[in-house]
Structures are given as C-alpha cells and as structure tokens.
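2 protein chains.
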Amino acid sequence: MTKNKIRPGSYLFPTPTVLIGANVNGKANFNAIGWVSGLEFGPPLISISSNQQHHNNVGIKENQTFSVNTPSVDMVEITDYCGIQSGKKADKSEIFDVFYGELETAPMIKEAPLNLECRVIHMVDTSEIAKAKMGHDIFIGEVVQAYADEKYLTNGIPDMEKIKPLVLSQSRSKSRYYEIGKEIGVAWSIGANYKK
Amino acid sequence: MTKNKIRPGSYLFPTPTVLIGANVNGKANFNAIGWVSGLEFGPPLISISSNQQHHNNVGIKENQTFSVNTPSVDMVEITDYCGIQSGKKADKSEIFDVFYGELETAPMIKEAPLNLECRVIHMVDTSEIAKAKMGHDIFIGEVVQAYADEKYLTNGIPDMEKIKPLVLSQSRSKSRYYEIGKEIGVAWSIGANYKK
Numbered sequence: 004m005t006k007n008k009i010r011p012g013s014y015l016f017p018t019p020t021v022l023i024g025a026n027v028n029g030k031a032n033f034n035a036i037g038w039v040s041g042l043e044f045g046p047p048l049i050s051i052s053s054n055q056q057h058h059n060n061v062g063i064k065e066n067q068t069f070s071v072n073t074p075s076v077d078m079v080e081i082t083d084y085c086g087i088q089s090g091k092k093a094d095k096s097e098i099f100d101v102f103y104g105e106l107e108t109a110p111m112i113k114e115a116p117l118n119l120e121c122r123v124i125h126m127v128d129t130s131e132i133a134k135a136k137m138g139h140d141i142f143i144g145e146v147v148q149a150y151a152d153e154k155y156l157t158n159g160i161p162d163m164e165k166i167k168p169l170v171l172s173q174s175r176s177k178s179r180y181y182e183i184g185k186e187i188g189v190a191w192s193i194g195a196n197y198k199k
Numbered sequence: 004m005t006k007n008k009i010r011p012g013s014y015l016f017p018t019p020t021v022l023i024g025a026n027v028n029g030k031a032n033f034n035a036i037g038w039v040s041g042l043e044f045g046p047p048l049i050s051i052s053s054n055q056q057h058h059n060n061v062g063i064k065e066n067q068t069f070s071v072n073t074p075s076v077d078m079v080e081i082t083d084y085c086g087i088q089s090g091k092k093a094d095k096s097e098i099f100d101v102f103y104g105e106l107e108t109a110p111m112i113k114e115a116p117l118n119l120e121c122r123v124i125h126m127v128d129t130s131e132i133a134k135a136k137m138g139h140d141i142f143i144g145e146v147v148q149a150y151a152d153e154k155y156l157t158n159g160i161p162d163m164e165k166i167k168p169l170v171l172s173q174s175r176s177k178s179r180y181y182e183i184g185k186e187i188g189v190a191w192s193i194g195a196n197y198k199k
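Residue numbers (the numbering used here), protein chains in the order written: chain A, 4 to 199; chain B, 4 to 199.
In short, the hints are calculated from the structure, not lab data.
Each statement offered as a hint is correct.
All copies of an identical chain are treated as equivalent in the list; a pair is satisfied when it fits inside any one copy or across any two copies.
Restricting the straight-line Cα-Cα distance to at most 30 Å, the calculated cross-link-like pairs of lysine-lysine (DSS-like) are:
id, residue 1, residue 2
1, Lys177, Lys165
2, Lys6, Lys165
3, Lys91, Lys134
4, Lys136, Lys8
5, Lys185, Lys154
All chains should be modelled from the sequences, with the hints used to inform the complete structure.
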C-alpha cells in the first residue's frame, strides 16, 4: 500500500444528518447540516458548525438557542430541501409541525424522531481562529431537554435502529445520503480479546 | 405521535468512528472516539472532543498535533481495542504500522484508509465553559495534510463506498458498530423538487 498525499480536507465518513432549528426574526427556520458533534456527557453538550451565510445563524445569535432534530430516512426529501433552500428566500416555518419547549425560541420538528433543545453556552468563529474567508460559527449548546416518541425508544433510551437516521457522505464531487447498514458488533466489547 | 421528554443527552445517530493518534512521552498512542466533526473548508478544520482522563490528551497538549485516522469495517476489533485499553496501561505504539508526516509528532496508521494530519489551532475546555465534572478537551485542528491510498479514491477524492467506514451508535445501554447501508439519494439534489 502506498500512502498518497491528497488535497487537505476535513474528510469524515459518514456524518450524521441533522436539521438545525432556529427562530429568525420571530419565524421558525430549519437548515440541514452534517457538521455536528457530541462534546460532553454532564452537562450534555453538542456543537454545530454553521456557515455564517446561513439565515439560521442570525437567529441563533439573537436568541442564543437552537434545536438539533434527527430526521429518519423517510424524511430525506424534506431534509434535503431544507439544505438547498435558504431561509433568506424561502419561508420554511410551515413545512413541519413545529413545537417549542422550555427555552421558547428553539423550534423543533414533531415529525423528527429525536429533538434536542439547546441553549448556546459558547461560540467560536472560524474567521477569527483560522482567518477562514467564508467563516463558520461553531455554536456549543447545552442540551436542556430532549424529546422522542415512545416508539423510538428502548427502555427509555433512543434506539438508532428504530430512529433509522439519514447519514451523509460529504464530498467535493457528489455528496450522498445513505441508510445505516448491518450491525458489526458491540462497542467497548468486540475488541476486548484483540491480540496483536 | 406524542413527544415525550426524555433524559437530556447529546444524542447523535450515528457518529463516525475514528482513531486519534498522538505522541505521548515520545511514543505513538491511539484512541477510538466518535465525537469528531468537520468545522470549516478553507482552511480545513476539524474538532475532536476527548475526555481529559485520556492518555492522548497529554501528548496533544504537549505537541499541539494529532491525527484523525478512519478505520474500515475490517478493523473493528483493533479499533475497539484502542477504545478499551488506556495508553496509560497498554503500549499501543506497535499495534499498527505507524508513519509520520510533516508535523513529525502526529502518528498515523498506515492500515487506515484515510489519515488527517492536524495542527491544534484552538482549544476549549468543557470544565471551564460548562463546569463539567469529568471534563473534555475540545481540540480544533487544521488539517495540514491528508493521506489515502489510491484504491480509496475516485478522481483523487476519498470515496466512502471504497473506505467502508465503521459507524457507531452511542448509547447509555449498549453502543454498537454498524456498516454503511444502501444509498438513498444525492444530497443538495433529491430535495430540489420537494413541494409541501
């Protein structure tokens, strides 16, 4: 095997696909992104990286709240639509059945199997830390409440096989959505007997 | 459908599975994590969130470098082993064929289809921003070089279907590894004709 140097990129395969909800000028808006990560268990923290051109960013900065909604594979078209159509041009406030929680300004999607209601606790601007030309806002949020219908839970805990999330392969050529495939093994277990 | 409030958590399904490489006290060490995210295209930035108890964090802080290695499904056992065995107790410097790039202190895994060589440009400590009891270090790295064998590329670009990455369902009950499943559609395309 020969290791070739390839053009540097933030290659990650796959990424989850989530719909970020924000109230912008008092109206619910949703955008699809793949740059999202867990950060901490207690308190539960999550980060999103959202292009500063996005309409959502205005509302997140104003209210210091956002939501992370996990769509299922059968929501692929409406999810992709949210990624294609900017909220600057299209009103996306009525394409979902929207609900609000205790933060009151983080719109969530009833149709999505899983919703995280987040309060911004920290922000990082990539144009400041790395002189990025088209900057991204990294919003770190505390998950103050989570919501899911009973049918997506097993013993009260979200179950990925029931959620059937949409996953994304991001690429400079074509980006594609995929389903989750077959289970390979139990983590923090299957490697216990590994011997080199 | 009834939305139930569930215990708040940083639920994300799935997460990628990557092996983070660092030199700790002059020796290569590798740990498996799922909390990783792209952040920016130009320059390419990536974040990892790594428990402050991890051996890796010592080396990343010392050298201000780390690597992100994407294992394929056939590396599931050795990947899981890296997540189970702390570098404080086990010497993981020789379980892979290790190579170094221009940063000289970010060990990379030859067997892994894709390697990102990163220089730390920013750090966030969750015990500072959120009073986390068992804190995580969020390392934001610039990808200074990327490496992949020709067989994982299509037109010079990493191709997920060739890489066959390992994905993780993290859960408070059992965490599990999965394969990528079937393609559903082209992103920023399949939703173009969505009508509410």
